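With the hints as constraints, model all of the structure from the sequences given.
Residue numbers (this note's numbering), protein chains in the order written: chain R, 24 to 141; chain P, 24 to 141; chain C, 24 to 141.
These aren't lab readings, by the way, just hints derived from the structure by calculation.
Note that this is a predicted model, so its numbers are computed, not measured.
Among the hints, a few may not be true.
[Claimed, not checked] Cβ-to-Cβ under 7 Å is the rule here; a few derived chain R residues that face chain P: (1) 51; (2) 86; (3) 94; (4) 104; (5) 105; (6) 115; (7) 117; (8) 118; (9) 119; (10) 122; (11) 127; (12) 129; (13) 138.
Think of the CB as a built atom: it goes at the ideal place given N, C-alpha and C, for glycine as much as any other residue.
Below are the chains, spelled out letter by letter.
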Amino acid sequence: MDIERIGGGAKGRSSGTAYGGLVWAVAVDPKSSPSMVDQTRGALARIDEILAKAGTNKSRILNATVYVSVMDKKDEMDVAWVEWAGDDPKGWAQRACVGTKLAPGHLVEIVVIAARET
Amino acid sequence: MDIERIGGGAKGRSSGTAYGGLVWAVAVDPKSSPSMVDQTRGALARIDEILAKAGTNKSRILNATVYVSVMDKKDEMDVAWVEWAGDDPKGWAQRACVGTKLAPGHLVEIVVIAARET
Amino acid sequence: MDIERIGGGAKGRSSGTAYGGLVWAVAVDPKSSPSMVDQTRGALARIDEILAKAGTNKSRILNATVYVSVMDKKDEMDVAWVEWAGDDPKGWAQRACVGTKLAPGHLVEIVVIAARET
Chain R
24 MDIERIGGGA KGRSSGTAYG GLVWAVAVDP KSSPSMVDQT RGALARIDEI LAKAGTNKSR
84 ILNATVYVSV MDKKDEMDVA WVEWAGDDPK GWAQRACVGT KLAPGHLVEI VVIAARET
Chain P
24 MDIERIGGGA KGRSSGTAYG GLVWAVAVDP KSSPSMVDQT RGALARIDEI LAKAGTNKSR
84 ILNATVYVSV MDKKDEMDVA WVEWAGDDPK GWAQRACVGT KLAPGHLVEI VVIAARET
Chain C
24 MDIERIGGGA KGRSSGTAYG GLVWAVAVDP KSSPSMVDQT RGALARIDEI LAKAGTNKSR
84 ILNATVYVSV MDKKDEMDVA WVEWAGDDPK GWAQRACVGT KLAPGHLVEI VVIAARET
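This is the structure:
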């Protein structure tokens, strides 16, 4: 079974991969906005794009890891997350949020695993 | 193929998800015990609960990520982990343990991916 | 469906697991070299070994998480990563690199999920 690769990352890596019924995606805010809310919105919009290229969408995310570089701003990240996740629990991913160092300028980086129809 | 969601988290997220033969689960200690050993036991007991709801158990965990907020207490986490993992290597997950910031009061947060019969 | 376990870790955990078409692997540099480039090469060589035991290889990695304990040395990690990932984008994993604390002596720890033929 073939692996699909979605480009857009630096040399040596993909922004997304898909294999059978599963899709992986990683994103940061392409604009490196100064605010955590805006960076989260930017990263989640990028996740939406990658999932669309792989034939799925945010309502089918299974697992998400949210890395934030400033844990004191987790609440701001959550504002954008809840807005994006929507009101239907049938679309809510299992999620962990942890504070880590990130590359300069990044406040948040998000990795998800989603299901797709095959 | 449907995705199953196991609730119990905050708005916008699930404690567990299941899709086909795979299950994802996240847990912290619901009691926020002051000791790392106790928090780890509490989080692992919660993992057991979520896996049971998804029709599997700890002997079928494939991958685990253990986030600890105080790396100096990793040995205490390991005491609870080894006790929980048991003596049979056939049930031992691939695991990584890393030191990250966590939400206030949490010493450990655990994410696992497990297999289940379909 | 059986789960395959690849040993080599400490008590209570495996270095790798395989289930159906998916393989999980974790590695650090077995030699704990003092340089980030060398530790990354050592960890990636160990990943190669585990994947080989599970019947796959680096060109089929779907997702990678690179934990580095010194984010200022991420560029050195990337030198080894790019060299290892090779020139063909068809083999490039979705990857996230974050700065975390690691066990003493470790500069980098790598976890991957790969596809394999079943």
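We went through each hint and held it up to the structure:
At a threshold of 7 Å, the smallest CB-CB gap from residue 51 of chain R to chain P is about 17 Å, leaving the interface hint violated. For residue 86 of chain R, the shortest C-beta to C-beta distance to chain P is roughly 4 Å, which falls under 7 Å, so the interface hint holds. Checking residue 94 of chain R against chain P by beta carbon gives a least distance of about 4 Å; that is within 7 Å, so the hint holds. For residue 104 of chain R, the suggested interface contact is upheld, since its CB lies about 6 Å from the closest CB of chain P, less than 7 Å.
A hinted interface residue such as residue 105 of chain R counts as satisfied when its beta carbon comes closer than 7 Å to some beta carbon of chain P; here the least separation is about 4 Å, so the hint holds. Taken as an interface hint, residue 115 of chain R checks out: its beta carbon lies about 5 Å from the nearest beta carbon of chain P, inside 7 Å. A least Cβ separation of about 5 Å between residue 117 of chain R and chain P falls short of the 7 Å threshold, and the interface hint therefore holds. Hint status for residue 118 of chain R: holds, given a least beta-carbon distance of 4 Å to chain P, under 7 Å.
With its C-beta approaching chain P no nearer than about 5 Å, residue 119 of chain R sits inside the 7 Å limit, and its interface hint holds. With a least beta-carbon distance of about 3 Å to chain P, the hint placing residue 122 of chain R at the interface is held under the 7 Å criterion. Here the hint on residue 127 of chain R is broken, as its CB sits about 18 Å from the closest CB of chain P, past 7 Å. Hint status for residue 129 of chain R: violated, given a least beta-carbon distance of 15 Å to chain P, over 7 Å.
With its C-beta approaching chain P no nearer than about 5 Å, residue 138 of chain R sits inside the 7 Å limit, and its interface hint holds.
Hint compliance for this structure: hints 1, 11, 12 are broken, all remaining hints hold.
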